[in-house]
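Participant: Two chains, two separate frames, one set of hints: put the complex together.
One line per chain: the protein sequences are A and B, in this order.
Residues 200 to 443 in the working numbering are what the first sequence spells out, letter by letter.
Residues 96 to 422 in the working numbering are what the second sequence spells out, letter by letter.
Worth flagging that the hints you see were computed from the coordinates, not collected in a lab.
Please note that a few of the clues may not be correct.
To be verified - Below, computed lysine to aspartate or glutamate pairings styled on DMTMM-like, alpha-carbon distance capped at 25 Å:
hint, chain 1, residue 1, chain 2, residue 2
1, A, 441, B, 176
2, B, 287, B, 171
3, A, 441, B, 133
4, B, 224, B, 133
5, A, 441, B, 236
None of these values were measured; they are calculated from a predicted model.
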Amino acid sequence: MTVTGAILRRELGNYFATPVAYVFIVIFLVLSGAFTFYLGGLYERGQADLQPFFTFHPWLYLFLIPALSMRLWSEERKSGTIELLMTLPVSVGAAVIGKFLAAWTFTGIALALTFPVWLTINYLGHADNPVIALSYFGSFLMAGAYLAVGACVSAFTRNQVIAFVFSFVICLVFVLAGFPMVMDIFQGWAPPALINAVGRMSFLSHFESITKGVIDLRDAIFFLSFIGCWLMANVIAVETGKSD
Amino acid sequence: MTSAGAQSRAAVEVASLGKDFGAFSAVKDISFAVRRGEVLGFLGPNGAGKSTTMKMIAGFLAPTRGQVWVGGYDIDRRPLEAKRCLGYLPEGAPAYADMSVSAFLTFIARMRGYRRRERRSRVAAAVEKANLGSVAYKPIETLSKGFKRRVGLAQAILHDPPILVMDEPTDGLDPNQKHEVRTLIREMARDKAILISTHILEEVDAICDRAIIIAHGRLKFDGTPQQLLCMSSLHNAVRLRFAGNVPADAAARLLDLHGVGRVNQSDEADQLMVLPNNATAIVKQVAQLARAETWQLQELVVESGQLDEVFRRITGPAEAAQRGEPA
Ligand SMILES: Nc1ncnc2c1ncn2[C@@H]1O[C@H](COP(=O)(O)OP(=O)(O)O)[C@@H](O)[C@H]1O
Ligand SMILES: [Mg+2]
Numbered sequence: 200m201t202v203t204g205a206i207l208r209r210e211l212g213n214y215f216a217t218p219v220a221y222v223f224i225v226i227f228l229v230l231s232g233a234f235t236f237y238l239g240g241l242y243e244r245g246q247a248d249l250q251p252f253f254t255f256h257p258w259l260y261l262f263l264i265p266a267l268s269m270r271l272w273s274e275e276r277k278s279g280t281i282e283l284l285m286t287l288p289v290s291v292g293a294a295v296i297g298k299f300l301a302a303w304t305f306t307g308i309a310l311a312l313t314f315p316v317w318l319t320i321n322y323l324g325h326a327d328n329p330v331i332a333l334s335y336f337g338s339f340l341m342a343g344a345y346l347a348v349g350a351c352v353s354a355f356t357r358n359q360v361i362a363f364v365f366s367f368v369i370c371l372v373f374v375l376a377g378f379p380m381v382m383d384i385f386q387g388w389a390p391p392a393l394i395n396a397v398g399r400m401s402f403l404s405h406f407e408s409i410t411k412g413v414i415d416l417r418d419a420i421f422f423l424s425f426i427g428c429w430l431m432a433n434v435i436a437v438e439t440g441k442s443d
Numbered sequence: 096m097t098s099a100g101a102q103s104r105a106a107v108e109v110a111s112l113g114k115d116f117g118a119f120s121a122v123k124d125i126s127f128a129v130r131r132g133e134v135l136g137f138l139g140p141n142g143a144g145k146s147t148t149m150k151m152i153a154g155f156l157a158p159t160r161g162q163v164w165v166g167g168y169d170i171d172r173r174p175l176e177a178k179r180c181l182g183y184l185p186e187g188a189p190a191y192a193d194m195s196v197s198a199f200l201t202f203i204a205r206m207r208g209y210r211r212r213e214r215r216s217r218v219a220a221a222v223e224k225a226n227l228g229s230v231a232y233k234p235i236e237t238l239s240k241g242f243k244r245r246v247g248l249a250q251a252i253l254h255d256p257p258i259l260v261m262d263e264p265t266d267g268l269d270p271n272q273k274h275e276v277r278t279l280i281r282e283m284a285r286d287k288a289i290l291i292s293t294h295i296l297e298e299v300d301a302i303c304d305r306a307i308i309i310a311h312g313r314l315k316f317d318g319t320p321q322q323l324l325c326m327s328s329l330h331n332a333v334r335l336r337f338a339g340n341v342p343a344d345a346a347a348r349l350l351d352l353h354g355v356g357r358v359n360q361s362d363e364a365d366q367l368m369v370l371p372n373n374a375t376a377i378v379k380q381v382a383q384l385a386r387a388e389t390w391q392l393q394e395l396v397v398e399s400g401q402l403d404e405v406f407r408r409i410t411g412p413a414e415a416a417q418r419g420e421p422a
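Chain B on its own, in the form it takes in the complex (with noise of 0.2 Å):
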């Protein structure tokens, strides 16, 4: 019965989940699945949810509605069988200060239910992964903020889980920690579906392959982070920069041109920008005009989006959010 549903659901799925602290909601009807093989990139801003969505998903606090299957496994009647399949790292990674790494990983490796000779090689391939050896024997207390990250990796990933979530993984870690928590998470991703929240855009575009937006506890968005750049209003503008001072007629030409909506004058004073209407192609056009007007030009750069404009948009006030949606 149990392994027909494991069989048939996706490894996390997530239904109209919603969580209240007394009269407070903080989540609010969120539904969304990870396939296998799959980085899925949780964002939002600061208190949007994303915690309390996570901490259910690992079986931590019970929701207030909806459903959670960890590994095909409904968590809230089947907890155990759903956590041996998922690597959590809770945010902060907490973890116990006065043992040493490796302590705390064999610990983790009995509570896991490995045997000695097992524990020991399950310890020491985590100490590797995670990149630990130097500091095995050290109190966590001891450690730097990119270890005890790390501790808390090595803590998630021991029992090799087809199931990871990850609350904040790089937070609060220098750029090259973050480049290496990166790697490790796109090393593991082939085989396994891993959940991991964060409210970096950058994180997104660089080990993403869906994202989904949360804001004030509700789903915003859920598609690829391609997607998510196309809803940019700068997705598809056109940023020319000219040799010299912008000819003055060269902003009324623009826009006569099919597809153009705006044409903005930016800081510089050589530089415009062409803003199409609904994310369309302008390039061609622009390039054509520029030919025929023999405008000396710099630069003629393709703009693909910015991130944080959508993500801003889509999780601010409503009224903002109308704005320039694609039809």
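With the rest of the complex left out, here is chain A (with noise of 0.2 Å):
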């Protein structure tokens, strides 16, 4: 898939030229460092392991992965290249995998450079590592998660405030799945069936059991296929929107 490389390529080396990589990874270090050091209590709880980091990012990546998603659709439908795209030999389907593993990608990155965090739990004591690459793992997964809802959303509009919005309602609604405040609005109408589906989408269950160590493939199959959809919505949000 030389196109989809091409795009992914583009889009990446876009992030780079551009000062948001650097704010992000900036931001995105340094809140994942105090959450950890100073709420998350990393030194006072005598355990290694990094437990209080990765509970973070679900609520970092709230806001900080739709500020990454919001402008690959809409800015093209924005400055008009994506009637030069598209007119491109490529199908949707493969623009549209191409600007979301860029984004993953960038998000993979920003990741792997928290590694001073693990450096330092390591330092600190003897470190459960199968557990903190089984976290990275997952939340690089979650992270994958948030961005085809970014993407997707991005799609549907040119302005990236508007898509920048609602891609944090979106994802609030899936990391809240579950808990009162997002089953309160199903309860009552909903049948008992969509009642528990809802419940199942929680980011935040399916994060945690594998922060926690849990090995089930369910909670990796959850995040992809829920990629999956997102990406499948996106397809069709870029075929139909394209055109206004």
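Facilitator: Listed below in structure tokens is the structure:
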């Protein structure tokens, strides 16, 4: 898939060509460090694990990832380059995947740059490195889920701010699915099967079970199929929305 | 199967094409073809539906009705094959503004599937053809309009496509830049099928072998620029400039001639415009009369016609279009 690769390269290069990448990475590192060491009390716990570090990821992603994904498609629509892109020999699906993979690669890089936290914990004591590796993997998968939502939403509008706000709200719903705040919306009218399904969509519960070191393939499958569904919606959104 | 189809069709074929935006019908039942070696001018006033038609040809918009074949491939069913044959310059020449010219063209070359070495030579060739050498490493957003347009051109011709579709390639350029772009298009015309839209009439004369005119989404004319000129009421008209004032009986004598429809007094006192019936040649009769009457003439000019007059008539309100149509 050379076209997917070409789009991936261009988008990734675009992140680093503008201050976006550096601002994102610095804020991500500072916040995750601050949360972990101060709010999470990493030192005080006396345990050599990264539980506090990962606990904050769903909340950090909530506003950082929509900031990464908001321009993916809305910018193309606003500047008219979508007409250029979509008249090159590329299928919408390949373009959607290329853009998504670029943003996902970028979050992977940001995540990898948190390695000093991991070094610190290993320095402090005997760390449970397999669990940490699994948690990183889980965090990466979850970031993909946020990104898939954000990329899809950005295809619906030419306005990046609108894309940001809607991505934030939709991701918030999926973070809190299973909590009363979201469940109450469905309580009373929705069939129990739907309520049950919504409850199972929670990013938090799937992510938590991964970070606890429980290897359950269903959590990974959840995130991957979640990503797949949103990317399909993304394809439809690009196809229907490109003309206006 | 498809290769057989590719052989038998013109480079671009448009059949009964239509596009609705909600209740509004922007393009209504348009059919035409562009053949190899031909530059087809696509004319029409603003809002006529030129860009909408080109977007459907390029596979960006899905038609509401009708079909498009590019390089023999149905753009709807075989979009990738069709797009490989096509170089397309969208209206306004959009490009990724934050990239440098060379990075942008490299991206396009990657999208076209060229590997490293060929990619370099393709980009270099496109930069040279579009005369972008001096700005190759500048971000596109910092370029002037003329350069941006040329970046769009370079992008469209990078893979040396057999078919080029360009939406207003010279819009907003200064006369020198226009000339350059036209020269480039003419150079490429020999072995390609080229469709360019424009609302500049001189362009048709300058580069097109054939022209089609649309207005309000409908096809109004399909023919050569020469045929278009023939539709002008001024075609074959004779302009007379007298030394001194126009003789008092000149207009009446001219009207008596066979084939003369009207005689107009122009703004200048020393000139008459003699208009033929049905665009027939009347210069001979007029010249004979002038000699017989021993009029003192400074000028006797046969007009070839005015494109803008024809254009206005064809694309204007319906009742005006009836007047002076050749039989
Ligand atoms: N996406 C769209 N939605 C609604 N109307 C449109 C859209 N694109 C074009 N139009 C309308 O279709 C008509 C033809 O537009 P266009 O093809 O751009 O004309 P031209 O290129 O000949 O100037 C115009 O009246 C325009 O307002
Ligand atoms: Mg237009």
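Participant: Assess, step by step, whether the Cα of residue 441 (chain A) is no farther than 25 Å from the Cα of residue 176 (chain B), and give holds or violated.
Facilitator: Answer holds: residue 441 (chain A) to residue 176 (chain B) is near 21 Å, not above 25 Å.
Participant: Are the Cα positions of residue 441 (chain A) and residue 236 (chain B) separated by 25 Å at most?
Facilitator: holds (23 Å)
Participant: Do the alpha carbons of residue 287 (chain B) and residue 171 (chain B) lie within 25 Å of each other, as the hint requires?
Facilitator: Given pair residue 287 (chain B), residue 171 (chain B) holds - Cα atoms ~22 Å apart, limit 25 Å.
Participant: Measure nothing beyond the straight line between the CA atoms of residue 441 (chain A) and residue 133 (chain B); if it is 25 Å or shorter, mark the hint as holding.
Facilitator: Not OK: residue 441 (chain A) and residue 133 (chain B) at ~31 Å, beyond 25 Å, violated.
Participant: Holds or violated: are the alpha carbons of residue 224 (chain B) and residue 133 (chain B) at most 25 Å from each other?
Facilitator: holds (20 Å)
Checked against the numbered hints above, the structure breaks only hint 3 and satisfies the rest.
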